[in-house]
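Full structure from sequences and hints, please.
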Amino acid sequence: MSNGPTSGKEITRIPQRNDRMPRAPGSGERGPLQFDSRHAKHISEVLSAASPDVVTVPPTTTIMGAIKTMTFYGFSRLPIADAGTKRLLGFVTSVDVVDFLGGGLRHNLLQEKYQGNIFTAINADIREIMSSKLIYASENTSLHDVLKLMYEKNVGGLPIVDEDARIKGIITEEDFVRSCRGVDTGLAVESFMSPNVVTAPAQTTIEKMTRMIIQKGFRRMPVVQDGVLMGMVTASDIMKYLGSGDAFEKVVTGDIGEVMNQPIKSLIKRSLITIEKKMDLGHAARKMMDNEIGSMPVMDRGSLAGILTERDFVRALAENRGILP
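Under this note's numbering, the first residue of the sequence shown is numbered 3, with each subsequent residue one higher.
Wrong hints could be hidden among the right ones.
Pairs of lysine-lysine, DSS-like flavour, derived with a Cα cap of 30 Å [to be verified]:
id : residue 1 : residue 2
1  : K289      : K271
2  : K170      : K88
3  : K155      : K279
4  : K170      : K155
5  : K210      : K155
6  : K135      : K210
Read the hints as simulated data drawn from the structure, not as lab findings.
None of these values were measured; they are calculated from a predicted model.
This is the structure we're talking about:
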């Protein structure tokens, strides 16, 4: 690519390859997991698997405006692009927002630059907290290389750009889950779940969980009460809570202590959806997609055995296709 999205930024770009991912053999054989093509054949391989309708915001959007956009669309990550050229400039994630409002490194910006005035800070430009360490792919990049880079760089989404660095689509972990949906893969959930699950007691404060998310790099955590699994709380749940309703009114008026001292069980808004560890990975993908969730607790005879996330499908596909040893 002749022109990068930004100058003076740390950019990772993956090479272009002409080879396509191997296709599964005919009926009766189990071959490599498939990526479904949802668009016309003249569209590039990676764009056929990506989401083409990308919502972006310019870097001058307020932090509050970005939170509202992410909440409205249900995004956990939002591309930041130049308003005129549509060139990719950076990303902001729900973890970035929680970091900013909840006491992480970005929170120091609030204290130092805005003297702790949250109302002023939340109306600052989103570029104040976005990440400009760009990892992206071109339209001609193979799905093989996209999958490999997403796994190696541990990113949940990869923007697809044209030769002028204008964003044309975005491929996410969810797209890889969709590719497995309903497929009889012959791969068991227990082979790819994370077995060592860190749980949080229901009375844990939102402040404490926020710090755990930031310090340990978690995006979600199961919540238990008296040894019984209650549900899951994610970074996006915390972002929505801090950026809306009565909680937000208290945040901007400086009464954030009361907001952050609420128990995390108050953030659980949906019924618990679980899977069994022997379930086929493709059936788990269907359950995840049908319920519009990014993770599920894995149970074994009534006890929590692990957690399966969208990230685990990226690993499963990478291993299944020989990308990983």
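Structure-based check of all given hints:
1. Between K289 and K271 the alpha-carbon distance is near 18 Å, which keeps this suggested pair within the 30 Å criterion.
2. For the proposed pair K170 and K88, the alpha carbon gap of about 9 Å is at most 30 Å, so the pair holds.
3. A threshold of 30 Å between alpha carbons decides the hint, and for K155 with K279 the separation of about 27 Å falls inside it, so the pair holds.
4. This hinted pair checks out: K170 and K155 have alpha carbons roughly 21 Å apart, not beyond 30 Å.
5. Our distance criterion of 30 Å between C-alpha atoms is met by K210 and K155, whose separation comes to about 27 Å.
6. As the CA atoms of K135 and K210 are separated by approximately 28 Å, the hinted pair is consistent with the 30 Å bound.
Every hint, counting from the list given before, is met by this structure.
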